[in-house]
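S.K.: Read top to bottom, the protein sequences are chains A and B. Per my numbering, the first sequence starts with residue 6, numbered consecutively. Per my numbering, the second sequence starts with residue 6, numbered consecutively.
Hints were generated in silico from the structure; no laboratory data involved. A portion of the hints provided could be inaccurate.
One copy or two, either will do: identical chains are not told apart, so a pair holds if it fits within one copy or between any two.
What the hints assert, rightly or not - List of simulated lysine-lysine pairs, BS3-like, C-alpha gap at most 30 angstroms:
1. K24 to K137
2. K137 to K15
3. K137 to K37
4. K37 to K114
5. K15 to K114
6. K114 to K24
7. K24 to K37
Keep in mind it's a predicted model, so treat the numbers as computed, not measured.
Protein chains: 2
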Amino acid sequence: MQRWPHIRSKPLADFRIFKVRSDVKLSPRTGKEHDFFVLEAPNWVNVVAVTPRDELVMVEQYRVGSDTVELEVPGGVMDPGETDPLVTGPRELREETGYAGGPPRLLGKVFSNPAILTNTTFTVLIEGCELKHATDFDSGEDIRTHLVPLAEIPALLRSGRIGHPLVHVALSHYLLLRGESGDGK
Amino acid sequence: MQRWPHIRSKPLADFRIFKVRSDVKLSPRTGKEHDFFVLEAPNWVNVVAVTPRDELVMVEQYRVGSDTVELEVPGGVMDPGETDPLVTGPRELREETGYAGGPPRLLGKVFSNPAILTNTTFTVLIEGCELKHATDFDSGEDIRTHLVPLAEIPALLRSGRIGHPLVHVALSHYLLLRGESGDGK
């Protein structure tokens with residue numbers, strides 16, 4: 006199985022948090038050109054922040070796509086010039102919750118949506134988190150912090166309480182690290 | 006925590022698989038209007054298809070956003086007029102792989118991305134799957150089927166081999182159903 010050869014790209018629109026372009030690719034199956042719409046966005050980072058009391062630092066915030074209030078982990082967009090998710094993670098954690106902790110560590114990564122988005126989402130683990138700073142919200146943010154016992158994570162995932170797939174993935178990365186995925190490793 | 010009151014929406018562009026609109030909402034924190042860009046898309050369905058030999062039916066396909074070949078579960082967009090993911094799931098499984106099985110069952114759902122997308126992604130479980138039909142690809146598809154032992158799912162998730170977050174979520178939903186998430190339920 007191979008990548009489809011690239012024919013041409015064309016920028017179409019700029020919507021601030023993402024740009025839309027068209028990509029024309031050559032289908033190896035049909036031999037014909039096929040055009041797709043692609044969203045360009047900077048990389049995203051989600052943070053699994055754990056306190057010394059086995060709590061997960063979570064954030065509740067309004068999400069405009071779903072028009073719902075979602076329970077998520079802290080996270081955000083890598084700033085221009087920021088190339089290391091281990092820099093973005095602690096910054097977003099501090100800005101959104103005021104918490105800070107020990108050295109950040111990369112837990113995993115996925116594409117944000119390989120069908121339509123060009124970017125990657127990283128999961129960063131920060132342990133030993135304590136409330137140390139004031140929060141610093143972006144103008145489009147209004148965030149409430151919750152501490153949730155780590156033992157409740159599987160129930161949160163199973164119940165559907167976690168509506169953001171990239172947050173689900175971040176928590177799954179953490180369960181897999183802890184060997185709680187059923188394969189005994 | 007509350008939803009932000011809606012002020013107005015404005016359609017901006019139609020890119021076939023999604024439309025872009027702007028939504029202006031009132032921030033409860035600042036009392037000011039804030040505008041967001043939102044992607045409208047039909048709901049998506051992913052299928053955890055299992056054979057009587059404890060294999061998962063997976064598909065390998067080129068993804069234009071990431072420009073990579075991804076190992077995924079079968080799935081796709083709910084057709085116009087299709088309102089039941091339990092109809093979409095078996096149809097997509099048949100079209101993409103030729104497999105069909107027993108009665109479909111809803112395993113879970115998440116928003117596709119509540120920050121920017123309006124739609125929902127459902128995970129549907131179909132057991133007892135066997136190869137019964139010819140495949141029927143869309144013009145933009147070229148799909149290869151793989152049978153993967155169920156026992157390999159945690160390693161697939163841990164290794165990063167699964168790059169699509171909604172596929173990661175689908176497999177996590179299945180592990181959670183089987184009680185393989187570490188909380189003993």
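S.K.: Hint by hint, note whether the structure agrees.
M.R.: Do the hints match the structure? See the list:
no.: 1; hint: K24 to K137; verdict: neither (36 angstroms within a copy, 42 angstroms between copies)
no.: 2; hint: K137 to K15; verdict: neither (46 angstroms within a copy, 41 angstroms between copies)
no.: 3; hint: K137 to K37; verdict: between (58 angstroms within a copy, 29 angstroms between copies)
no.: 4; hint: K37 to K114; verdict: neither (33 angstroms within a copy, 35 angstroms between copies)
no.: 5; hint: K15 to K114; verdict: within (28 angstroms within a copy, 34 angstroms between copies)
no.: 6; hint: K114 to K24; verdict: both (22 angstroms within a copy, 27 angstroms between copies)
no.: 7; hint: K24 to K37; verdict: both (26 angstroms within a copy, 26 angstroms between copies)
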